[in-house]
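Visitor: Given next are the chains, with one letter for each unit.
Protein chains: 2
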Amino acid sequence: MGGSLAGALRGKCRAVVGVARRAETIETALARGLIDRGTTDTADGVREADAVVLATPVRVIMRQMHEIAPLLPKSCLLMDLGSTKSQIVAEMARLPNHVQPLGGHPMCGKEVSGIGATDPAIYRGCTFILTPLPRTSEEALALGRELVEAVGASPLVLAAERQDFLVATVSHLPYLLACALVATADALTSPDPAAWEIVAGGFRDTSRLAGSDVTMMVDILLTNREEVLKALEVCQAQLRCLTRLVEAGDEDEVRDVLSAIRAKRQEMFP
Amino acid sequence: MGGSLAGALRGKCRAVVGVARRAETIETALARGLIDRGTTDTADGVREADAVVLATPVRVIMRQMHEIAPLLPKSCLLMDLGSTKSQIVAEMARLPNHVQPLGGHPMCGKEVSGIGATDPAIYRGCTFILTPLPRTSEEALALGRELVEAVGASPLVLAAERQDFLVATVSHLPYLLACALVATADALTSPDPAAWEIVAGGFRDTSRLAGSDVTMMVDILLTNREEVLKALEVCQAQLRCLTRLVEAGDEDEVRDVLSAIRAKRQEMFP
Numbered sequence: 005m006g007g008s009l010a011g012a013l014r015g016k017c018r019a020v021v022g023v024a025r026r027a028e029t030i031e032t033a034l035a036r037g038l039i040d041r042g043t044t045d046t047a048d049g050v051r052e053a054d055a056v057v058l059a060t061p062v063r064v065i066m067r068q069m070h071e072i073a074p075l076l077p078k079s080c081l082l083m084d085l086g087s088t089k090s091q092i093v094a095e096m097a098r099l100p101n102h103v104q105p106l107g108g109h110p111m112c113g114k115e116v117s118g119i120g121a122t123d124p125a126i127y128r129g130c131t132f133i134l135t136p137l138p139r140t141s142e143e144a145l146a147l148g149r150e151l152v153e154a155v156g157a158s159p160l161v162l163a164a165e166r167q168d169f170l171v172a173t174v175s176h177l178p179y180l181l182a183c184a185l186v187a188t189a190d191a192l193t194s195p196d197p198a199a200w201e202i203v204a205g206g207f208r209d210t211s212r213l214a215g216s217d218v219t220m221m222v223d224i225l226l227t228n229r230e231e232v233l234k235a236l237e238v239c240q241a242q243l244r245c246l247t248r249l250v251e252a253g254d255e256d257e258v259r260d261v262l263s264a265i266r267a268k269r270q271e272m273f274p
Numbered sequence: 005m006g007g008s009l010a011g012a013l014r015g016k017c018r019a020v021v022g023v024a025r026r027a028e029t030i031e032t033a034l035a036r037g038l039i040d041r042g043t044t045d046t047a048d049g050v051r052e053a054d055a056v057v058l059a060t061p062v063r064v065i066m067r068q069m070h071e072i073a074p075l076l077p078k079s080c081l082l083m084d085l086g087s088t089k090s091q092i093v094a095e096m097a098r099l100p101n102h103v104q105p106l107g108g109h110p111m112c113g114k115e116v117s118g119i120g121a122t123d124p125a126i127y128r129g130c131t132f133i134l135t136p137l138p139r140t141s142e143e144a145l146a147l148g149r150e151l152v153e154a155v156g157a158s159p160l161v162l163a164a165e166r167q168d169f170l171v172a173t174v175s176h177l178p179y180l181l182a183c184a185l186v187a188t189a190d191a192l193t194s195p196d197p198a199a200w201e202i203v204a205g206g207f208r209d210t211s212r213l214a215g216s217d218v219t220m221m222v223d224i225l226l227t228n229r230e231e232v233l234k235a236l237e238v239c240q241a242q243l244r245c246l247t248r249l250v251e252a253g254d255e256d257e258v259r260d261v262l263s264a265i266r267a268k269r270q271e272m273f274p
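As you go down the protein sequences, you meet chains B and D in turn.
Each residue of the first sequence is one higher than the one before, counting from 5 in my numbering.
Each residue of the second sequence is one higher than the one before, counting from 5 in my numbering.
Read the hints as simulated data drawn from the structure, not as lab findings.
The structure presented is a predicted model; accordingly, all values stated were derived computationally and were not measured.
Hints are supplied without guarantee of correctness; some may be wrong.
You can't tell identical chains apart in this list, so a pair holds if it fits in one copy or across any two.
Stated by the list, open to error - Here are the simulated SDA-like cross-link-like pairs (lysine to any residue), alpha carbons at most 25 Å apart as the crow flies: (1) Lys268 / Gln240; (2) Lys268 / Cys112; (3) Lys16 / Val238; (4) Lys78 / Asp48; (5) Lys234 / Arg248; (6) Lys16 / Thr140; (7) Lys78 / Ala55; (8) Lys268 / Met66; (9) Lys16 / Asp254; (10) Lys234 / Glu255; (11) Lys268 / Arg208; (12) Lys78 / Ala146; (13) Lys234 / Arg259; (14) Lys234 / Arg266; (15) Lys234 / Leu249.
Using the sequences and the hints, build the whole thing.
Guide: Put into structure tokens, the structure is as follows:
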């Protein structure tokens with residue numbers, strides 16, 4: 005996500021500087037034309053920055069922001085791309101005063117990650133959630149909006165708690181359902197070699213998110229636990245309802261429930 | 005699915021004759037070049053057929069085969085495209101002796117249906133399950149295989165019960181999970197207008213099957229009830245495991261389980 009953002013920003017600001025742990029990542033980013041220059045030395049990379057975007061897993065972001073903040077010039081915007089925001093924003097509130105913190109969460113992504121999977125076009129047309137703090141200046145929020153719009157995304161300002169509630173259902177629950185589906189197929193049908201020949205588009209799409217980066221997902225689940233558990237509870241109740249429907253086998257009832265759900269799906273994606 | 009099969013077969017056999025209830029369907033099929041000729045008169049449409057393929061919902065297939073069989077010439081192949089096979093094959097066993105019955109189930113499809121959504125390319129590269137009966141002749145099975153290969157699919161011969169067990173997990177369970185996800189979003193987040201702005205690719209893919217044709221799905225669920233209930237039971241147990249994992253919040257344990265599931269997903273789709 006960080007490499008893709010860099011590539012999308014390049015040419016639209018003074019310079020895009022990539023900071024990574026490994027020199028090979030920088031070399032790849034340069035070779036792919038994602039950054040203007042790169043370094044493994046964080047202090048060197050951020051010294052003259054107007055904006056710094058942390059693109060690491062949520063709990064790494066929560067640690068890194070404190071390491072990086074003292075190195076930043078006055079009024080530098082410090083953003084992140086983490087999928088959960090309440091805990092990140094709580095950490096941001098503790099940053100030194102010369103830094104301008106702003107939570108960020110682009111609602112796009114792929115189940116593949118790393119510098120080899122970058123795609124600067126990924127932000128085009130996506131909603132990019134921004135969660136400002138009370139201390140975030142209007143100028144810093146405006147710069148955040150400008151950055152989001154520069155990569156082709158639409159900024160949506162939300163309170164951190166509201167975003168965490170929403171993404172638990174819209175993003176984290178689908179991941180866990182995909183995982184449950186893969187685990188079920190593994191337990192029930194994988195021993196039959198024919199199962200591997202018949203997995204089709206439906207299974208592929210419904211299980212796609214189970215291929216997401218595990219380090220990223222562990223951090224997400226552990227930092228949005230309560231909201232995720234609430235979404236799981238409601239979803240399990242819905243599954244029990246559907247199970248009872250199939251059990252009872254009342255055709256009209258099955259048709260009514262499935263029709264209402266289909267209509268909702270079509271309302272969501274007209 | 006029927007219109008797409010017709011289009012894929014056209015030019016590869018003597019003639020493709022479309023039979024539909026409504027004259028407009030025939031007109032559309034002709035205009036789209038899917039059939040050589042069409043009729044709303046079933047007897048007229050099947051009188052000289054070498055093979056007849058029923059492409060209606062499962063329980064309609066179970067009724068139609070008995071209406072159509074007496075109209076068929078001797079040794080005519082009678083196939084279907086229904087997603088569940090045990091009940092269909094049991095009905096096929098009762099057909100008059102001059103007919104050669106063969107269950108069929110192409111493992112492809114779209115959540116849109118009807119003559120307006122035809123795509124003859126949909127069968128290319130897909131696995132097409134065939135469930136012969138003890139009474140099905142070698143010649144009839146060979147013709148079924150030939151038909152499947154003519155549209156670019158790969159035939160896979162399975163016992164009807166084995167196919168029903170497999171597709172319950174691989175195809176019907178994903179549909180019910182997609183439905184549970186949409187119902188959960190409807191209950192939890194849909195009242196918040198921001199939810200509609202942030203539904204992204206992950207939710208879209210995981211919920212895609214909830215848009216499937218309801219009449220088709222009602223028939224599938226009611227004719228594969230026991231296998232679907234078994235798959236639901238295992239999946240609900242997996243979801244409870246994942247819930248307990250998130251609740252306990254043991255980082256190493258979460259990482260281990262999610263990593264194993266991710267590896268399985270990658271094994272399924274290398």
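Visitor: For every hint, state whether the structure bears it out.
Guide: Going down the list of hints, with the structure as the test:
With identical chains, the CA atoms of Lys268 and Gln240 are at most 25 Å apart both within one copy (19 Å) and between copies (23 Å). In this homomeric assembly, Lys268 and Cys112 come within 25 Å of each other (Cα to Cα) both inside a single copy, at 22 Å, and across copies, at 24 Å. In the homo-oligomer, the alpha carbons of Lys16 and Val238 never lie at most 25 Å apart, since the shortest distance is 44 Å inside one protomer and 51 Å across protomers. When the C-alpha separation of Lys78 and Asp48 is checked against a cutoff of 25 Å, the pair qualifies only within one copy, where the shortest distance is 16 Å, while the shortest distance between copies is 84 Å.
In this assembly of identical chains, the alpha carbons of Lys234 and Arg248 lie at most 25 Å apart whether taken from the same copy (21 Å) or from different copies (13 Å). Proximity of Lys16 and Thr140 under a CA criterion of 25 Å is satisfied intra-copy only: 23 Å inside one chain copy versus 68 Å between copies. When the C-alpha separation of Lys78 and Ala55 is checked against a cutoff of 25 Å, the pair qualifies only within one copy, where the shortest distance is 11 Å, while the shortest distance between copies is 78 Å. Taking the shortest alpha-carbon separations for Lys268 and Met66, neither the intra-copy value of 37 Å nor the inter-copy value of 31 Å comes in at or below 25 Å.
Taking the shortest alpha-carbon separations for Lys16 and Asp254, neither the intra-copy value of 59 Å nor the inter-copy value of 43 Å comes in at or below 25 Å. For the identical chains of this complex, Lys234 and Glu255 are inter-copy neighbours only, at 20 Å across copies versus 31 Å inside a copy, given an alpha-carbon limit of 25 Å. Taking the shortest alpha-carbon separations for Lys268 and Arg208, both the intra-copy value of 22 Å and the inter-copy value of 12 Å come in at or below 25 Å. Within a single copy, Lys78 and Ala146 get their C-alpha atoms as close as 17 Å, which meets the 25 Å cut-off; across copies the closest is 77 Å, which misses it.
Taking the shortest alpha-carbon separations for Lys234 and Arg259, only the inter-copy value of 21 Å comes in at or below 25 Å, while the best intra-copy value is 28 Å. For the identical chains of this complex, Lys234 and Arg266 are neighbours both inside a copy (23 Å) and across copies (24 Å), given an alpha-carbon limit of 25 Å. Within a single copy, Lys234 and Leu249 get their C-alpha atoms as close as 23 Å, and across copies as close as 14 Å, so both meet the 25 Å cut-off.
Checked against the numbered hints given earlier, the structure breaks hints 3, 8 and 9 and satisfies all the rest.
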